[in-house]
Amino acid sequence: MFESFGLVSFTSHTKVGDVFVAGLVEGRLLASRCASCGEQSFPPRADCVVCRSGDLEWVEISGRGRVSSFTTIRAAPVGLEEWVPYSLVLVDLEEGGRALALAGAGLDVGELSLGTSVRLNPCRSEVNDELRVYYEVEADS
Amino acid sequence: MFESFGLVSFTSHTKVGDVFVAGLVEGRLLASRCASCGEQSFPPRADCVVCRSGDLEWVEISGRGRVSSFTTIRAAPVGLEEWVPYSLVLVDLEEGGRALALAGAGLDVGELSLGTSVRLNPCRSEVNDELRVYYEVEADS
Amino acid sequence: MRRVGVIGVGHGRFGLRDDASLQELAFEVYREAVADAAIDPQEIGATWIGSVPEYHKQRSVAGVIQEYLGLDPRPTWLTEAACASGSAALHTAWTAVASGMQDVVLVMGCQKMTELETAAILGLMGRVGDVQWESVFGSTFPGYYALFARQHMDRHGTTRDHLSAVAMKNHDYGALNPKAMFRKTIDRQKVENSKLVADPLRVFDCCANADGAACLILAAEGRAREISDRVVWLDGLGVATAPMSVLRREDLCTLPSAVEAARQAYAMAGIEPSQVRVADVHDCFTIAEILAVEDLGFCDRGQGGPFIAAGETRIGGRIAVNVDGGLKAKGHPIGATGVSMAVEIVRQLRGECEDRQVSGADVGLTHNVGGIGQYCFVNVFRRE
Amino acid sequence: MRRVGVIGVGHGRFGLRDDASLQELAFEVYREAVADAAIDPQEIGATWIGSVPEYHKQRSVAGVIQEYLGLDPRPTWLTEAACASGSAALHTAWTAVASGMQDVVLVMGCQKMTELETAAILGLMGRVGDVQWESVFGSTFPGYYALFARQHMDRHGTTRDHLSAVAMKNHDYGALNPKAMFRKTIDRQKVENSKLVADPLRVFDCCANADGAACLILAAEGRAREISDRVVWLDGLGVATAPMSVLRREDLCTLPSAVEAARQAYAMAGIEPSQVRVADVHDCFTIAEILAVEDLGFCDRGQGGPFIAAGETRIGGRIAVNVDGGLKAKGHPIGATGVSMAVEIVRQLRGECEDRQVSGADVGLTHNVGGIGQYCFVNVFRRE
Ligand SMILES: [Zn+2]
Ligand SMILES: [Zn+2]
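Chains as they are written, first to last, in my numbering: chain A, 1 to 141; chain B, 1001 to 1141; chain C, 2001 to 2384; chain D, 3001 to 3384.
Warning: the hint list may mix true and false statements.
[To be verified] From chain B, some residues computed to sit far from chain C (all C-beta separations above 12 angstroms):
#, residue
1, G1038
2, A1105
3, E1136
4, D1140
[To be verified] Example chain B residues on the side facing chain C (calculated, C-beta under 10 angstroms, incomplete):
#, residue
5, D1018
6, A1022
7, C1037
8, L1131
[Claimed, not checked] Estimated spans, in silico, between C-beta atoms of each pair:
#, chain 1, residue 1, chain 2, residue 2, range
9, B, A1022, D, E3117, 42 to 48 angstroms
10, C, L2016, B, E1039, 58 to 64 angstroms
11, C, D2187, A, A22, 42 to 48 angstroms
12, A, V25, B, E1003, 42 to 48 angstroms
13, D, S3194, B, G1027, 35 to 41 angstroms
14, B, C1037, A, V78, 44 to 50 angstroms
Think of the hints as simulated: they come from the structure by calculation, not from any bench.
C-beta atoms are modelled at their ideal positions from N, C-alpha and C, and glycine is treated no differently.
Please work from the sequences and hints to get the whole structure.
So, in structure tokens, the structure goes:
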């Protein structure tokens, strides 16, 4: 299922793929949590970096956070030529962890500054004739 | 020019490309010879492995030699799927050096044995809609 | 130089691993090796990763793996020597510890190959040959070994039966190895009725592309003895090359890199080939195992076929070879293979191999070939 | 451990090299280094090759190069740490000599990049980032450094002018380097009118993809002194990593791997940053050179922009940085870069750099970053 995550996919298999993508499809953003020691991670990990346990649980997170940095990509990698310019926002999440994500239509990147409150929104859309699930950064209303 | 050598090309540039391919186009098989120490090489080299000189001369060779080994490829690499089965013959050249080459139409691979006298023939043909120059192994008549 | 020992090993299941990413495969064996060594992973000073980059969409996998293992800021980089990449990582790690630069280090071999189609893999592998003068004619990896096999059959009288004996033996032992890709024995019929890939080699003469990972933790002698009472010492290392191009090889009935690497490893360990009790050799094709037992001096030149067919390389014979199933039955995740071989030999020397244990194994050897012999690493392991 | 010195160097012309294959580029610098060291190449015991495999159609280039140099059966393998692959080869070689395993070895950095289109290169380079969570959104290499730049501008007040000062300085020196890709000075207008690549970075904030090769011959102290009377010693080595993923970095105004690698290298060489007279640092983007001078302790944290804009990193300033033109003007054949940096520093310490010679240069440093700081190698060189 993870092949449908993002604008393009380079990861065919991962232990955290199915649940994470199923969550996104339902509009939920999921982080992993170690069942042994409670270490939480976003993006999710199948294996705990603290205690090395492979037992993970899933927790829903709000997606709220603050802008850590951002840029607008104007020279595209192969496959995304028609997509430029697109803006990427790095978000420090309130519940820990960080995400790199596309700026959504409702976010005016020209007005953005570091520290601005934003929110990661799960979304689905057609990209290059494929249904893709991902998340976008929107202003936190 | 070297891009037209062989059935497919993976080497866009080489110091020995132009002269070698021009020779093949004219039906001549060329080996390199070090202008400093006389070391001869087939396939050609731009730099002498003996004295490290970068001055090379070209010498025409007859292409006559003996079969060192051979095989018939039945599982093709990408791009040559429609070409199988094809036979490759390794030839120890009379004038030194060795070549790996396609078995030509006039060579009965079923009858081949190691040591058989053969000859490398320069040839040109259309492969995958491109004009290619290469050499084939034929019985030495 | 300090003596270097293996204090922990980990080995994952080889085969189609569409359940996990490369770094997740690596974590499985890292977890196992850390538990096996019973150390605090904070003690690990560096990680060397053997892997062949072209099969992965992720570039520069060493960095991704080091992050996923949680071992930043400790150094890592990748070593590549085609199918011997894992042994290049082990050699790098050994040197770092022997020199005194590091005390405890991790060696990771890992590869995901099944994300690509077989034809694409054949295309990539064919380009381990010289692309300028050879790959342009559609040479493939089995094609090269077919050229070797033809010469060996012609010069030494090696037969179809000899090749088949290698495949059957390795499947017999693969059936006993829980980590192997193929766990079924095969009979002569099965081998000889399988499709021709590159005459005279058939499908069952070829090892299978696989996903997998394996790892080792090495330590300098002093620290190794404090940590463990079952250290296996890596006492002899050999590494050599031969021309990339089959056009520059004098003789196709031997891998000159293997002969030279073996000479170095035996000399460094101070042993004779006859002292080796158990060996993992690089049987990417059946003919390759025949070349290997000759190049390593386990039998006379040209006699590899009859030697193997007579059962001398089975448990109970002169020397046990590939009793983990070899590349043939265990599978060949190219970056992992060299490390996997070392894990097997360490376990044999520790006496942990259960129904495929070689009794009295005190000296073991790995023989890991890159490409068609462009690279060869031979290592001699010893228990005390 | 034995002291290790550089006894020979070779450096090819960087840029579009559609006149030669990768192994032919390698031979050019091999020939030069052997002549420079004035040794019999039979003395070379091993070759380590820094190169990034994905750019080449030839797989496993180490074997092809070793054959073309005529150095079989001596060992070789490839080291990969993205844009720091050349420094990984140097580190491997240094350790082999320091440990006593080798006496004289060759370090080759080489890369052909111009066979691919720019978009394909951007695609490949973007995948030096984490492909699972980052590249899926079209992250690119300049995009990552743009994220760094934005934070640095926000937190430290770094300006467009500071970035431009880096580009102008490096082009000024590139114009004096006969091996550089770009040999023309540029003015502020040129930089600031160039197209945006990833805001705030413009075309002239980015180094150029190039083909090229560079090599070094190392020897153990005793043999080095016999061979040469102008040995440059590699006395301090540092290497560290940071998370591959920008999602796991605490701070984007520094490369933590660079800080740690520098700490190690200074400690090992027993020097302070202020003793360094000349440095080659990894200016893959203008912002990267600003991060570098801070991470290396050449100026205070956050002051890299003003420090460079004030001319302190020009010849005659506090410390000469990238007076060979840097990656920016010299070009960046990624596998060759780390070795190229070392060649430049060796020549500076030997006093051979003519109109860009730093007078009195006795201690020099290289800072070679892989990816976006996943890897960093810092080396300290010294003349006697
Ligand atoms: Zn945990
Ligand atoms: Zn010569």
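Verification of the hints:
1. G1038: holds, 18 angstroms
2. A1105: holds, 15 angstroms
3. E1136: For B/E1136, whose nearest Cβ neighbour in chain C is about 10 angstroms away, the distance does not exceed 12 angstroms, so it is violated.
4. D1140: holds, 19 angstroms
5. D1018: Check failed: Cβ of B/D1018 comes no nearer than 14 angstroms to chain C, outside 10 angstroms.
6. A1022: violated, 17 angstroms
7. C1037: At about 18 angstroms, which exceeds the 10 angstroms cut-off, the nearest Cβ of chain C leaves the hint on B/C1037 violated.
8. L1131: violated, 14 angstroms
9. B/A1022 <-> D/E3117: 42 to 48 angstroms: Roughly 28 angstroms apart at Cβ, these two residues miss the hinted range, so it is violated.
10. C/L2016 <-> B/E1039: 58 to 64 angstroms: Taking Cβ atoms as reference, C/L2016 and B/E1039 lie about 49 angstroms apart, which means the hint is violated.
11. C/D2187 <-> A/A22: 42 to 48 angstroms: holds, 46 angstroms
12. A/V25 <-> B/E1003: 42 to 48 angstroms: holds, 47 angstroms
13. D/S3194 <-> B/G1027: 35 to 41 angstroms: violated, 51 angstroms
14. B/C1037 <-> A/V78: 44 to 50 angstroms: The hinted range 44 to 50 angstroms holds for B/C1037 and A/V78, with Cβ atoms some 47 angstroms apart.
Consistency with the previously given hints fails for numbers 3, 5, 6, 7, 8, 9, 10, 13, ordered from lowest to highest.
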